[in-house]
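Visitor: Okay, here's what each chain looks like letter by letter:
2 protein chains.
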Amino acid sequence: MQKLIKDLIQKNNTSILLIVLDGLGGLPVNGKTELEVAYKPNLDALAKESACGLHVPVSMGITPGSGPGHISLFGYDPLEWQIGRGVLEALGLDIELKKTDIALRANYATIEQGIIKDRRAGRIPTDQSRKITERLQEKIKKIDDAEIIFAPGMEHRFTVVLRFPEALPKGSASIKDTDPQKEGTPPLSVTPEIPAAERVAKVVEKLISSIATVIQGEPKANFILLRGFSQVPDIPNFGKIYGLKPLCIAAYPMYRGLAKLIGMDAPTIKGDIREEIDFLKQNYNDYDFIFLHVKKVDSYGEDGNFEGKASKIAEFDKVLPEILALNADVLIITGDHSTPSVLKSHSWHPVPILLKSPYVFGNICMTFSERECIKGELGIFPTINLMPLALANALRLKKFGA
Amino acid sequence: MQKLIKDLIQKNNTSILLIVLDGLGGLPVNGKTELEVAYKPNLDALAKESACGLHVPVSMGITPGSGPGHISLFGYDPLEWQIGRGVLEALGLDIELKKTDIALRANYATIEQGIIKDRRAGRIPTDQSRKITERLQEKIKKIDDAEIIFAPGMEHRFTVVLRFPEALPKGSASIKDTDPQKEGTPPLSVTPEIPAAERVAKVVEKLISSIATVIQGEPKANFILLRGFSQVPDIPNFGKIYGLKPLCIAAYPMYRGLAKLIGMDAPTIKGDIREEIDFLKQNYNDYDFIFLHVKKVDSYGEDGNFEGKASKIAEFDKVLPEILALNADVLIITGDHSTPSVLKSHSWHPVPILLKSPYVFGNICMTFSERECIKGELGIFPTINLMPLALANALRLKKFGA
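In order, the protein sequence lines correspond to chains A and B.
When the letters of the first sequence are read in order and numbered with my numbering, they come out as residues 1 to 402.
When the letters of the second sequence are read in order and numbered with my numbering, they come out as residues 1 to 402.
If we strip away everything but chain A, and leave its shape as in the complex, we get (with noise of 0.2 angstroms):
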């Protein structure tokens, strides 16, 4: 399909505004929905204008991670394009990710006569073990060829990125975690699963015993399990196949990495919505296509907090009108996921969404919800089909066939 679309491009002066209000979709609780109890009068009229329907990430019943629920808002199949856990947990410690990169979780781990005793080392706090790290960076710089790069994370965790000279060949991560996920038995070998992955996996083996040259005296950080080997996807350019100049604008660090995966600007932003806004309007002439990433709905929705979830809906409706005011061609609300309070999760469930742009029908459904959305001119469609519905509302598709 990106292939289609790229064939029928065409440029003009139009922009593309998608905000993206993290896990938006809910469930009932007292019989009505996070979005349902939500003041938010703004987002309501905006419906009423609007295309309005639901949108499914990956296929129904399929929960989304947040990797493959916005590969799909922009385009790609999150089937083929799949983010590993490694990059992405680097993309969300604010790595400049690289093509030829290998990236991977560690935890430090307390060992005992080559048995795991505490996988977590005792959730060693955050100062101790961001110390141990910077002490590996110091002494591990290089292992054969690779350039190693380490990057503290909370408590017992790290990251590690293997940077190779060039691209590895595709499957070159395949390689089996080493964390056994229980105590009492020794780790795992570095196994490759397939024969691809055996240039990373003995560079992984050296680095596993170096590391444990350098830790091996402390007292519970005294050896490191390894899981979620990722390879950088050589995915493609975002602004060549659609044409467009993309900025990102969000606060948490993963999602500038995955917009930065794809070739958008993301330049680094502090703050919460009030500076996503700020810096919208700042940078709003210069680009045709903005993704903003709003992360606080999600994560009332995660700590199943409902009331939480809703106050955020609201809080976004109240700087709306600053963003209709900047008139773009095409104004896209929705979310890459739910995240029902009621499950503290992500789920499965269709993500409500309005599109507004001068072509659409309208005055179909009257408030933002899900069950709104289901009655809208969009109905229920695959996520990926959302970037050629915008890019032709934005009148930037050329007619297929003659």
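Just so you know, these hints were derived from the structure itself, not from any lab.
Certain hints may be false.
Below, simulated SDA-like cross-link-like pairs (lysine to any residue); rule was C-alpha separation at most 25 angstroms, straight line [unchecked claim]: (1) Lys-6(B) - Ser-345(A); (2) Lys-176(A) - Lys-240(B); (3) Lys-11(B) - Asp-303(A); (4) Lys-398(B) - Arg-119(A); (5) Lys-98(A) - Glu-193(A); (6) Lys-375(A) - Leu-27(B); (7) Lys-6(B) - Ser-59(A).
Chain A regions said to be covered by chain B (calculated; three or more residues, Cβ under 8 angstroms) [what the hints assert, rightly or not]: (8) 28-35; (9) 78-90; (10) 343-349; (11) 371-381.
Across the chosen pairs, the derived CB separations fall in these ranges [to be verified]: (12) Phe-381(A) - Glu-322(B): 33 to 41 angstroms; (13) Glu-193(B) - Asn-237(A): 31 to 39 angstroms; (14) Pro-41(B) - Thr-126(A): 58 to 66 angstroms; (15) Pro-41(B) - Lys-270(A): 56 to 64 angstroms; (16) Glu-198(B) - Pro-186(A): 51 to 59 angstroms.
Source: prediction; values computed, not measured.
Built from N, CA and C at the ideal position, the CB exists for glycine as well.
Given the coordinates of chain A, assemble chain B onto it according to the supplied hints.
Guide: Just chain B, lined up with the frame of chain A:
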């Protein structure tokens, strides 16, 4: 998709109950469908608190047979997993098929000087036909290395199973029907459509001549015509894909047979819906997935008996409270296809469905009917998406991607 689902499965103690009212969907007569006129207060109340929608077994406009209808419900692609006519007939006669079997449908015919005079041997009475078939089984037990199993059917019909010592390659049953579908011509020769079918074709040739030797003196049933050569598919095991312990409750042998093909427990049950419900209650705690099949709704539809079909829906409604009392975590009520009385046959119309679980919106559809389900939160979706949706609602699927 089944591969993805298998990777995401997490086991827990939830139960899924799938009730299939065969041929459920209908069409209006004097403005209302069978579902719309049926007295069914329990189903209507359940629809109100459930997720409703319509599902499409194969593709828009395609009328499914019972095979594709059920295979889709169980999450298998009905175009990939086609169950041949011979196999379905054998299952309907309650023959336990093995994966090494080829099954075919046979008719007794009357032949004179090599020309077919009557394709149905004068619709010879079942008891006469049965005796001849028993005689065939006595005389013919093996051809080459294939065990031969005869199963008598109604009137001139019977089924033959060729049981080979090992599973044959795909395409081994690609043999043209020997029944020319008209009288006044000779039977067609046994013609393999691809080289892979030559082995079976040789056995069939010998089988036809052995049978002819036994029955050539019969006044009417003095020859046989064969069709629907089909191989038992090497279809993945339902329980293994989904991590479920599945039970099929069906009074009709064909549905038990389909369930057995995919590895469900499917003990013989005599009786009707009353006996099925009793069996459900007795066995409910020993399984975590139960498929209960109600045949009669379809039968009346096929007879063009509008009132009869509506009364069978009402009959089911009366036992529904007993089903609800079991408190399945996920309860699904639907059909395998539509059978509108006005068509007296299966049809291509999407099939109404309701799914009750703690994680649905509800309060959208006020009754259970085709027209009401169109408004529903599940939309109109491909039937093979039902199993992932059921598993998601049972919290049996992990998140996809980080």
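Visitor: Regarding the pair Lys-11(B) and Asp-303(A), is the alpha-carbon distance no greater than 25 angstroms?
Guide: Holds, at about 24 angstroms.
Visitor: Count residues of the segment 78-90 of chain A with a Cβ under 8 angstroms from any Cβ of chain B, then say if the count reaches three.
Guide: holds (count 8)
Visitor: Is the coverage entry for the segment 343-349 of chain A by chain B consistent with the three-residue Cβ rule at 8 angstroms?
Guide: Result for this restraint: holds, n = 6.
Visitor: Note whether the CB distance of Glu-193(B) and Asn-237(A) lies within 31 to 39 angstroms or breaks it.
Guide: violated (48 angstroms)
Visitor: Does the beta carbon distance between Pro-41(B) and Thr-126(A) stay inside 58 to 66 angstroms, or does it fall outside?
Guide: Holds, since Pro-41(B) and Thr-126(A) (Cβ atoms, about 60 angstroms apart) stay within the stated range.
Visitor: If you draw a straight line from the CA of Lys-6(B) to the CA of Ser-345(A), is it 25 angstroms or shorter?
Guide: The hint holds at about 21 angstroms.
Visitor: Check the hint pairing Lys-176(A) with Lys-240(B) against an upper bound of 25 angstroms on the C-alpha distance.
Guide: holds (23 angstroms)
Visitor: State whether the coverage of the segment 28-35 of chain A by chain B holds or is violated, taking the criterion as 3 or more residues with Cβ-Cβ distances under 8 angstroms.
Guide: It holds, with 3 qualifying residues against the three required.
Visitor: Does the hinted range 51 to 59 angstroms hold for Glu-198(B) and Pro-186(A) at CB?
Guide: holds (56 angstroms)
Visitor: Does Ser-59(A) sit within 25 angstroms of Lys-6(B), going by the straight-line distance between their CA atoms?
Guide: Given pair Lys-6(B), Ser-59(A) holds - Cα atoms ~14 angstroms apart, limit 25 angstroms.
Visitor: Take a quick look at whether Lys-375(A) and Leu-27(B) sit within 25 angstroms of each other, Cα to Cα.
Guide: Roughly 23 angstroms separates the two Cα atoms, so the pair holds.
Visitor: Holds or violated: the segment 371-381 of chain A covered by chain B, criterion of 3 or more residues with Cβ-Cβ distance under 8 angstroms?
Guide: holds (count 5)
In this structure, only the earlier hint numbered 13 is contradicted, and the remaining ones agree with it.
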